[in-house]
Amino acid sequence: MDKFETLTGIAAPMPLVNIDTDMIIPKQFLKTIKRSGLGANLFDEMRFDRQGNEIPDFVLNQDAYRNAEILVAGDNFGCGSSREHAPWAIKDFGIRCVISTSFADIFYNNCFKNGILPIALPAEAVDVLMRDAEKGANARMTVDLEAQTVTTSDGEVFRFEVDAFKKHCLMEGLDDIGLTMAKADSITAFEAEASQARPWV
Amino acid sequence: MSPKTLYDKIWDAHVAHEADDGTCLLYIDRHLVHEVTSPQAFEGLRMANRPVHAPDKTIAVPDHNVPTTLDRANAATMTEDSRVQVDALDKNAKDFGIHYYPVSDVRQGIVHIVGPEQGWTLPGMTVVCGDSHTATHGAFGALAHGIGTSEVEHVLATQTLIQRKGKNMKVEITGKLRPGVTAKDITLSVIGETGTAGGTGYVIEYCGEAIRDLSMEGRMTVCNMAIEGGARAGLIAPDAKTFEYCMGRPHAPKGAQWEAAVAWWKTLYSDDDAHWDKVVTIKGEDIAPVVTWGTSPEDVLPITANVPSADDFEGGKVGAAQRSLDYMGLTPGTPLSEIEIDTVFIGSCTNGRIEDLRAAAEILKGKKIKEGLRAMIVPGSGLVRAQAEEEGLADIFKEAGFEWRLAGCSMCLAMNPDQLAEGERCASTSNRNFEGRQGYKGRTHLVSPGMAAAAAITGKLTDVRDMM
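Chain order of the listed sequences is A and B.
Numbering (the working numbering) for the first sequence: 1 to 201.
Numbering (the working numbering) for the second sequence: 202 to 669.
Treat the hints with care, since some could be wrong.
[Claimed, not checked] Derived pair list, reagent style DSSO-like, types lysine-lysine, alpha-carbon separation capped at 27 Å:
(1) A:K3 <-> B:K366
(2) B:K295 <-> A:K31
(3) B:K642 <-> A:K31
(4) A:K166 <-> B:K479
(5) A:K167 <-> B:K455
(6) B:K366 <-> A:K183
(7) A:K166 <-> B:K366
(8) A:K31 <-> B:K455
(9) B:K295 <-> A:K167
(10) A:K3 <-> A:K183
(11) A:K34 <-> B:K292
(12) B:K455 <-> B:K467
(13) B:K292 <-> A:K166
(14) B:K368 <-> B:K479
(15) A:K34 <-> B:K295
(16) B:K599 <-> B:K568
[What the hints assert, rightly or not] Label-pair ranges, simulated between beta-carbon atoms:
(17) B:A220 <-> A:R50: 49 to 59 Å
(18) B:T482 <-> A:E161: 56 to 66 Å
(19) B:D282 <-> A:V162: 46 to 56 Å
(20) A:R50 <-> B:V285: 21 to 31 Å
(21) A:D185 <-> B:S203: 21 to 31 Å
[Stated by the list, open to error] Derived list of chain A stretches under chain B, where covered just means 3 residues or more per stretch with a C-beta under 8 Å from a C-beta of chain B:
(22) 4-15
(23) 34-47
(24) 51-58
(25) 61-72
(26) 92-105
(27) 144-156
(28) 176-182
Hints were generated in silico from the structure; no laboratory data involved.
C-beta atoms are modelled at their ideal positions from N, C-alpha and C, and glycine is treated no differently.
Based on the provided sequences and hints, a complete structural model is requested.
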């Protein structure tokens, strides 16, 4: 997995609440057996018309935001299905960090498995960051995972919380499965005990 | 010993390892797999040369992509990319030696209907699947939730998940439901009350007389939509109804093991003084038959209400409500019962079980659907379909003018050919009314099976109580 340490980049504002995973990556793009290439269809039905032409109003179609690496979004981002195609598409587009007041649990978890940092902040902070993002390409935000801060283009700093273990894995780019396999003895011991206690399982 | 909730008890019985910081390895008893979220996970195993750790606890069934038309044995009914995913699952199931119900098997169906039906899902278990509606299995008092594909690979490789314990919410539905009010109305009304993010970070336990009175099918409907309220998992404590449902199922324990299992299952309830992080109480008698008007499952109103205006909301919801109204093509103030529909879909892991079909048949018996309307019933599994045929329900549906389909997810998420056309409006027993969910620019109103059947007859959203 790609490491995440610090990121300075353009932030795209998406003030809509409840942006769901069907919006992020519509189901017709789930018929892939690969993880790559989904960025072209990120937010497909908001971004393109039926003929495949860009919808000019959509934020990522505006020149200032085509190269956005951060997304500032309304409440409850990523609600809906468990499809990991959502973070795959976000990452493949080039976005490495999403900021909102809240995230759906499964989406939040999926981000960390893919080198994406989701940051939850209080509404007042997200409002400030949204206004900063609305300034366009010349206003770059900085995200520092080690320090757990987001800094606006004006230098205003917001500190965010993140689970220590998730932070460690993201900063080091660690593979979860490898980490768990190092605890194989615990799993074997649990299985031996559980097969006695609940043999029907 | 300090009092525990049901969630505490199941959690404690499955912690295989706990780190100093509270990060746990939670052991997984049942891993359900379908064709859409698993190919990349199996590919990951192959690349790392890893086997499936516990193939006997891993159960796969194709459901999302499969056509539901009667001619689906003909491979040409599936698009190339869908076929690739189903073929990949066929191959992965064989290569890794996991339990499998192929499309041709009468037991095939929606993974969340097949699991309980075959006795894979049992009380006190941990159950995961690369699908958010895994919450369904919580109806058995199993801790069940959706996971992403990376976690699917993690469970395949280690039979565990890296987890931290969530918060615990109690949702109590007191007293009795009024006539015409169903499990679907309960679960939608709870989301209407708490919002789609109200359950974020929580595991919900549903309790109270109205929940106890529900059948297992109804309880599955309630837990199924816990995720629409933001909670990864919903739980209902197992009781005599649960045990009766499980007894004799192909993969349920037998004999002495059954007795031992029931003895443990009977300890699975929340202790009286257990701690809750949040409590929501709703009176059963206050719940009405409901419909959704917008593009979020929290956009819930009684069928007797009118389409709201964006001004009725606050904060970020004002813009979202306006966007929903525009998308849905609705004018504020219009009575919901005057909204005309083009399509009716009865099915899905929310409402594709035998009880749901019985409820629809009850309304449709001897009636015809409105002329020009498209209506389909997609049973949740091949066995539900067979039972509905045996009970004579299929004849009622066909005589009424419904298409009687084979099992699959179908128009709930429209990954197969069952889709809404642009602008088409649907009364649907599924779980999500998101933009584009049932087809590009399709418009979804979520309802119970009885309400869907009533809408099919009148051609508009209809109060099922007027037809009873």
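Verification of the hints:
Of the supplied pair hints, the one linking A:K3 and B:K366 holds, its CA atoms being roughly 26 Å apart against a limit of 27 Å. Between B:K295 and A:K31, the direct Cα distance comes to roughly 21 Å. Compliance with the 27 Å bound is thereby established for this hinted pair. A threshold of 27 Å between alpha carbons decides the hint, and for B:K642 with A:K31 the separation of about 20 Å falls inside it, so the pair holds. In summary, the hint linking A:K166 to B:K479 is supported, as the alpha carbons are separated by about 26 Å, within the 27 Å threshold.
A C-alpha spacing of about 46 Å is found between A:K167 and B:K455, which places the hinted pair above 27 Å, so the restraint is violated. Of the supplied pair hints, the one linking B:K366 and A:K183 holds, its CA atoms being roughly 19 Å apart against a limit of 27 Å. For the proposed pair A:K166 and B:K366, the alpha carbon gap of about 14 Å is at most 27 Å, so the pair holds. Simply put, A:K31 and B:K455 have alpha-carbon atoms about 40 Å apart, too far for the 27 Å limit, and the pair is violated.
With a C-alpha separation of about 38 Å, the suggested pairing of B:K295 with A:K167 is violated against the 27 Å cut-off. The hinted pair formed by A:K3 and A:K183 meets the criterion: a straight-line CA distance of about 23 Å does not exceed 27 Å. For the suggested pair A:K34 and B:K292, the alpha carbons sit about 16 Å apart, so the restraint of at most 27 Å is met. Distance restraint check for B:K455 and B:K467: the Cα-Cα separation of roughly 17 Å lies within the 27 Å cut-off, and the hinted pair is therefore satisfied.
About 34 Å separates the Cα atoms of B:K292 and A:K166, which puts this hinted pair outside 27 Å; it is violated. Annotation: proposed proximity of B:K368 to B:K479 holds, straight-line Cα distance about 8 Å (limit 27 Å). The hinted pair formed by A:K34 and B:K295 meets the criterion: a straight-line CA distance of about 20 Å does not exceed 27 Å. A hinted pair counts as satisfied when its Cα atoms are at most 27 Å apart, and B:K599 with B:K568 qualifies at roughly 11 Å.
Under the hint 49 to 59 Å, the C-beta atoms of B:A220 and A:R50, about 50 Å apart, fit the expected range. Evaluation of the 56 to 66 Å hint for B:T482 and A:E161 yields a failure: the beta carbon distance comes to about 31 Å. Separation of B:D282 from A:V162 is about 37 Å and departs from the stated range, judged on CB atoms against 46 to 56 Å. At roughly 25 Å, the beta-carbon separation of A:R50 and B:V285 lies within the given 21 to 31 Å, and the hint holds.
Between A:D185 and B:S203 the C-beta distance comes to about 29 Å, which sits within the given range of 21 to 31 Å. Counting residues of the region 4-15 of chain A whose C-beta lies closer than 8 Å to any C-beta of chain B gives 1; at least three are required, and the coverage claim is violated. As drawn, the region 34-47 of chain A meets chain B at 3 residues by the rule of a beta-carbon pair under 8 Å; at three or more, the given contact holds. For the region 51-58 of chain A, the stated coverage by chain B is violated: 0 residues have a C-beta nearer than 8 Å to a C-beta of that chain, whereas at least 3 were required.
Note: the region 61-72 of chain A has 0 residues with beta-carbon separation from chain B under 8 Å; the three-residue rule is not met and the coverage is violated. With 4 residues carrying a beta carbon less than 8 Å from a beta carbon of chain B, the region 92-105 of chain A meets the three-residue requirement, and the given coverage holds. Counting residues of the region 144-156 of chain A whose beta carbon lies closer than 8 Å to any beta carbon of chain B gives 0, which falls short of the minimum of three for the stated coverage. Only residues whose beta carbon comes within less than 8 Å of a beta carbon in chain B count, and the region 176-182 of chain A has 5; three or more means the coverage holds.
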